[in-house]
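Please model the complete structure; the sequences and the hints are all you need to start from.
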Amino acid sequence: AQKITQTQPGMFVQEKEAVTLDCTYDTSDQSYGLFWYKQPSSGEMIFLIYQGSYDEQNATEGRYSLNFQKARKSANLVISASQLGDSAMYFCAMGRSYSGAGSYQLTFGKGTKLSVIP
Amino acid sequence: DVKVTQSSRYLVKRTGEKVFLECVQDMDHENMFWYRQDPGLGLRLIYFSYDVKMKEKGDIPEGYSVSREKKERFSLILESASTNQTSMYLCASTPRGYYGYTFGSGTRLTVV
Chain A
1 AQKITQTQPG MFVQEKEAVT LDCTYDTSDQ SYGLFWYKQP SSGEMIFLIY QGSYDEQNAT
61 EGRYSLNFQK ARKSANLVIS ASQLGDSAMY FCAMGRSYSG AGSYQLTFGK GTKLSVIP
Chain B
1 DVKVTQSSRY LVKRTGEKVF LECVQDMDHE NMFWYRQDPG LGLRLIYFSY DVKMKEKGDI
61 PEGYSVSREK KERFSLILES ASTNQTSMYL CASTPRGYYG YTFGSGTRLT VV
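Chains as they are written, first to last, in this note's numbering: chain A, 1 to 118; chain B, 1 to 112.
Simulated from the structure, these hints should not be mistaken for laboratory data. All values reported here derive from a predicted model rather than from experimental measurement. From the three backbone atoms N, C-alpha and C, an ideal C-beta is built for every residue, glycine too. Heads up, some of the hints might be wrong.
Under the rule of at most 30 Å between Cα atoms (straight-line distance), these lysine-lysine pairs were calculated in the BS3-like manner [claimed, not checked]:
hint : chain 1 : residue 1 : chain 2 : residue 2
1    : B       : Lys57     : B       : Lys3
2    : A       : Lys110    : B       : Lys57
3    : A       : Lys110    : A       : Lys73
4    : A       : Lys16     : B       : Lys70
5    : B       : Lys18     : B       : Lys57
6    : A       : Lys110    : B       : Lys18
7    : A       : Lys3      : A       : Lys113
8    : A       : Lys16     : B       : Lys13
9    : B       : Lys53     : A       : Lys73
10   : A       : Lys110    : B       : Lys55
11   : B       : Lys53     : B       : Lys18
12   : A       : Lys113    : B       : Lys3
13   : A       : Lys73     : B       : Lys57
14   : B       : Lys53     : A       : Lys113
Okay, the calculated bits of chain B under chain A, using three or more residues with CB under 8 Å as the criterion [what the hints assert, rightly or not]:
hint : region
15   : 10-21
16   : 99-111
Below is the structure:
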């Protein structure tokens, strides 16, 4: 079974500072995907960034980057220059190929609540 | 933009009632999912469907059933609601291929 671990239930960061949210995963699959989602207090899940298991370069999307260390099975999210609007829950997810669907089946971690302090 | 619409934002039901949560997506996605979200537990997969009339159990299917009669609509059914089914329910969809999901805005269900 797939397992995603986010060890930080809550974190604080000063505005304009960088922050790293930890995520480790456990799988025996060779091909998989890693995702990060943001959930503001309004409740919608917003896709942030994706890394494929065969991608050699770390994924980046604007202020978000994914620090992928395959041997350590970690996929940490780095947010640079934090903004007040970054305050939210952040979920790490791993996608396992589901052949019947021809798509990923996502398993989520328990989330990290990030609070940005002015 | 892909849109996933959940029919109710908030719902209050009584114990023992039959409850329908509706989800509609407008981008012809093959795959649809139902998750429940509880504090400290993250998102847990209830059921998913990769085609019309197809359904697969997720990690916590007990007490739930689903229906997918049309490609764009995926319904979650609580046959006899119980208080331990009070939760946030999130619907998601994705096309065939290896992509992330698009989520609806969620239905917060309270069973009293």
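Next on the checklist: So if I understand the rule, the pair passes when the alpha-carbon distance is 30 Å or less; does Lys57/B with Lys3/B pass?
Outcome noted: Given pair Lys57/B, Lys3/B holds - Cα atoms ~24 Å apart, limit 30 Å.
Item to check | Pair hint Lys110/A and Lys73/A, alpha-carbon separation not exceeding 30 Å | outcome: holds (17 Å)
Next on the checklist: Need the status of pair Lys16/A, Lys70/B: alpha-carbon distance at most 30 Å?
Outcome noted: violated (47 Å)
Item to check | Straight-line alpha-carbon gap Lys3/A to Lys113/A, limit 30 Å | outcome: Roughly 19 Å between the alpha carbons, so the hint for Lys3/A and Lys113/A holds.
Next on the checklist: With the threshold set at 30 Å, check whether the alpha-carbon distance from Lys53/B to Lys73/A stays at or below it.
Outcome noted: violated (37 Å)
Checklist entry - Three or more residues of the region 99-111 of chain B near chain A by CB distance under 8 Å? => result holds (count 9)
Next on the checklist: Lys53/B and Lys113/A were given as a pair; does the straight-line alpha-carbon distance stay at or below 30 Å?
Outcome noted: violated (37 Å)
Next on the checklist: Can you tell me if the region 10-21 of chain B counts as covered by chain A, using C-beta to C-beta distances under 8 Å and a minimum of three residues?
Outcome noted: violated (count 0)
Checklist entry - Are the Cα atoms of Lys113/A and Lys3/B separated by 30 Å or less? => result holds (26 Å)
Checklist entry - If you draw a straight line from the CA of Lys18/B to the CA of Lys57/B, is it 30 Å or shorter? => result Holds - the C-alpha atoms of Lys57/B and Lys18/B are around 20 Å apart, at most 30 Å.
Next on the checklist: For a C-alpha distance cap of 30 Å, please report whether Lys110/A and Lys18/B respect it.
Outcome noted: holds (29 Å)
Item to check | 30 Å limit on alpha-carbon distance, applied to hinted pair Lys53/B and Lys18/B | outcome: Judged against 30 Å, a Cα distance of about 21 Å means the pair holds.
Checked against the numbered hints given earlier, the structure breaks hints 4, 8, 9, 14, 15 and satisfies all the rest.
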